[in-house]
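Asker: Now for the letters of each chain:
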Amino acid sequence: TQLLEQSPQFLSIQEGENLTVYCNSSSVFSSLQWYRQEPGEGPVLLVTVVTGGEVKKLKRLTFQFGDARKDSSLHITAAQPGDTGLYLCAGDVDNNDMRFGAGTRLTVKP
Amino acid sequence: EAQVTQNPRYLITVTGKKLTVTCSQNMNHEYMSWYRQDPGLGLRQIYYSMNVEVTDKGDVPEGYKVSRKEKRNFPLILESPSPNQTSLYFCASTSGLGRGYEQYFGPGTRLTVT
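Each protein sequence line maps, in turn, to chains A and B.
Using the working numbering, the letters of the first sequence correspond one by one to residues 1 to 110.
Using the working numbering, the letters of the second sequence correspond one by one to residues 1 to 114.
Bound conformation, chain A alone (with noise of 0.2 Å):
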């Protein structure tokens, strides 16, 4: 089992629409990352979150750490076809021990 669980796992939305996506654990991190990841690229750092509580917004994208440190959510408003990829969230457990879920892959249509 995965240490961080994303859902959902495939999401197919028109343009305009809105989105959020969610990562889950069991574990407490102490900072968390969401990355972009486009087809044929690595993973580029969308955002970092440290403080339970915190959110923070990116243009459309707005992100949550949950209180408890647990949990993460991605909001993405009026999302465009440009926003397709794959999103990863990566909790950082304990100093050079980050883990990476394993993605929702996002597709928005024109």
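A hint or two may mislead.
[Stated by the list, open to error] Some chain A residues judged to face chain B by a derived CB distance under 10 Å, without partners named:
{"no.": "1", "residue": "4"}
{"no.": "2", "residue": "35"}
{"no.": "3", "residue": "40"}
{"no.": "4", "residue": "41"}
{"no.": "5", "residue": "42"}
{"no.": "6", "residue": "55"}
{"no.": "7", "residue": "80"}
{"no.": "8", "residue": "84"}
{"no.": "9", "residue": "98"}
{"no.": "10", "residue": "99"}
{"no.": "11", "residue": "100"}
{"no.": "12", "residue": "101"}
{"no.": "13", "residue": "102"}
{"no.": "14", "residue": "103"}
{"no.": "15", "residue": "107"}
It is worth saying that the hints were derived from the structure and are not from the lab.
Idealized CB from N, CA, C, for every residue including glycine.
Take the given structure of chain A and dock chain B to it, following the hints.
Answerer: Chain B alone, transformed into the frame defined by chain A:
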């Protein structure tokens, strides 16, 4: 431009034929890692290095070797590849460990072992 490079990008080989995937970073990062990515399993760490001549096993080290003779290079060696090592491999580097440090990933190497 800050980057992590990997070569080759694609490789098809046969069982038992030794191969090396190179990785190089130009950011003077101390920490480097190798991951493999498989459907439904996400990124799993194979080996990591905290500095020159310092390497350690990650979650799935069996069948792999690494070396860190120079700060910028961290090659991944498969002495006797097997079909279960068919995967997408990523090299990554970072300037620190733990809270908030960003990992910079290479573009990936898609390996097929027949």
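Asker: If a hint holds in the structure, say so; if it doesn't, say that too.
Answerer: Hints and how they fare:
| no. | hint | verdict |
| --- | --- | --- |
| 1 | 4 | 8 Å, holds |
| 2 | 35 | 8 Å, holds |
| 3 | 40 | 7 Å, holds |
| 4 | 41 | 6 Å, holds |
| 5 | 42 | 3 Å, holds |
| 6 | 55 | 16 Å, violated |
| 7 | 80 | 23 Å, violated |
| 8 | 84 | 18 Å, violated |
| 9 | 98 | 7 Å, holds |
| 10 | 99 | 8 Å, holds |
| 11 | 100 | 4 Å, holds |
| 12 | 101 | 5 Å, holds |
| 13 | 102 | 4 Å, holds |
| 14 | 103 | 6 Å, holds |
| 15 | 107 | 16 Å, violated |
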